[in-house]
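Since the structure of chain A is provided, determine the placement of chain B on it from the hints.
Sequences listed follow chains A and B, in order.
The numbering of the first sequence is my numbering, which starts it at 1 and goes up by one.
The numbering of the second sequence is my numbering, which starts it at 1001 and goes up by one.
Source of the hints: derived by calculation from the structure; they are not laboratory data.
Predicted, not measured: the structure shown is a model, and the values here were computed from it.
Take these hints with a grain of salt, some might be off.
Unchecked claim - Label pairs and their in silico Cβ distance ranges: (1) A/R274 <-> B/P1127: 18 to 26 Å; (2) B/P1127 <-> A/D197: 19 to 27 Å; (3) A/K224 <-> B/S1133: 18 to 26 Å; (4) B/K1002 <-> A/D151: 26 to 34 Å; (5) B/A1126 <-> A/S97: 48 to 56 Å; (6) B/K1116 <-> A/D74: 46 to 54 Å; (7) A/S97 <-> B/Q1003: 50 to 58 Å.
Claimed, not checked - Over 12 Å on every C-beta distance to chain A, these chain B residues come out as not near it, computed from the model: (8) A1013; (9) S1023; (10) L1049; (11) S1099; (12) M1119; (13) V1135; (14) H1137.
Backbone N, C-alpha and C define an ideal beta-carbon position, used for all residues, glycine too.
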Amino acid sequence: MKVLGIESSCDETGVAIIDEKGKLLAERLYSQIELHAQYGGVVPELASRDHIRKITPLIKETLKAADLTLNQLDAIAYTAGPGLVGALFVGASVGQSMAWSLGIPSIPVHHMEAHLLVPFIDQASGLQFPFLCLLVSGGHTMLVQANGLGDHQVLGQSRDDAVGEAFDKVAKQLGLGYPGGPAIEKLAKQSISKRDDFPRPMIDHPSLDFSFSGLKTHTLLEYKKAKQLSEEKADIAHAFQQAVTDTLYAKCQQAIEQTGLDTLVVAGGVSANRGLREKFNQLDDVNVIFPSMKFCTDNGVMIAYTGLQYALAEKFVGTNEIKVYPRWSLQQ
Amino acid sequence: MKQIIRSADKMEAMGATLVENLSTPAVIYLHGDLGAGKTTLVRGALRQLGHKGLVKSPTFTLVETYSLDSLEAYHFDLYRISDPEELDYIGIREFCSGSNICFIEWPDLGKPLVPKATMEISIEYAPEGRQLSIVNHSL
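So that you can see chain A by itself, here it is in the shape it has in the complex (with noise of 0.2 Å):
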């Protein structure tokens, strides 16, 4: 069996096709391509989001480097939610209309738990149900009981702002480069203070939630408040990690005693985080994941392996409707 997933949920065109024993055959992202030959030698400059023009290009270029043809497909997996209505439309319409028209099941995917069932792809990881999973990224910060597929419990997620959103822009206040999570790290290292006085938001709340809005600002206002020389700035980016990582350890911590699991996924690009990984490796007697990190960030690879999941469980509607589902919550 042969699964082509779809992925234009936000930023990201992707596209993959995997087989049927979750090996990847091939995989494109459109940042990441060149399309020289589809466009006959001019690239044209595509804004963001664009996925329209994108999308075709890229089946095409994914196909020929899975040595594959059309009629070879089994399946059409497309991210239906959640997302922007207009990005979501553009990968529910061509994959379902590929799918009408080779006569083969399309399976609409939650792109939310895709990321959850990714790290799977690695199967010497040992990953089973149920874990827990901690998904920090520019776009989302919650942490996720997985129970089995299609039955996932949200414990705690996030407020205001995604962590690494506020990674993001506190590195862009003081003057960094993007993506902020990098250039923090770094400028942390070199405080010699290793200063260590922000706050550690919704750290004695009794819920999972986060809130990183205000520590955001907080840093913001440290920094205006500083004279800026580039040893402060050192120190407010190393304060700054400290809370994040403290706060983020904490939660999880609070969330392995109140369900009782021992397994720890860690995705999301913040999990790149050296600081971050050290603090969870000294979680005592669970087993903590990373998975790879080319699977973290949005992808085609996510939406093909969840897709494959839901046809090798035959779980999926077979339907031509072309639907998609903006605020999709993952426990429906």
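Structure of chain B alone, referenced to chain A:
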């Protein structure tokens, strides 16, 4: 109109006051630096309009939509927009019509394609908290 806002709670209360007698369609621009409290103000407005759940930052998603009792509310953040053409992919023109309310953060990044404002709010850092200025274009 200018006013000093001394806390996040007061900013939410201000947001609630602003939408009490608002006529639709309304397009509300929110100007202000990072951390000024733009999303906090929108949170207060949406609660006043009957929204019960979270009001998260729309920076990553570009727009968060809220289906309320009598209207649809859209909370845009153009912070990540690099080309105004992108607004068409979001469908901003369809959203800001009818009996809808659109809150738009960082509207300058969407010019000239961003819909015209019926109200503009600027939030600035001040020693006592934040200074809020409001210009009502619909009067």
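Status of each hint after checking the structure:
no., hint, result
1, A/R274 <-> B/P1127: 18 to 26 Å, "violated (38 Å)"
2, B/P1127 <-> A/D197: 19 to 27 Å, "holds (22 Å)"
3, A/K224 <-> B/S1133: 18 to 26 Å, "holds (20 Å)"
4, B/K1002 <-> A/D151: 26 to 34 Å, "violated (53 Å)"
5, B/A1126 <-> A/S97: 48 to 56 Å, "holds (55 Å)"
6, B/K1116 <-> A/D74: 46 to 54 Å, "holds (50 Å)"
7, A/S97 <-> B/Q1003: 50 to 58 Å, "holds (54 Å)"
8, A1013, "holds (17 Å)"
9, S1023, "holds (26 Å)"
10, L1049, "holds (17 Å)"
11, S1099, "holds (19 Å)"
12, M1119, "holds (23 Å)"
13, V1135, "holds (25 Å)"
14, H1137, "holds (28 Å)"
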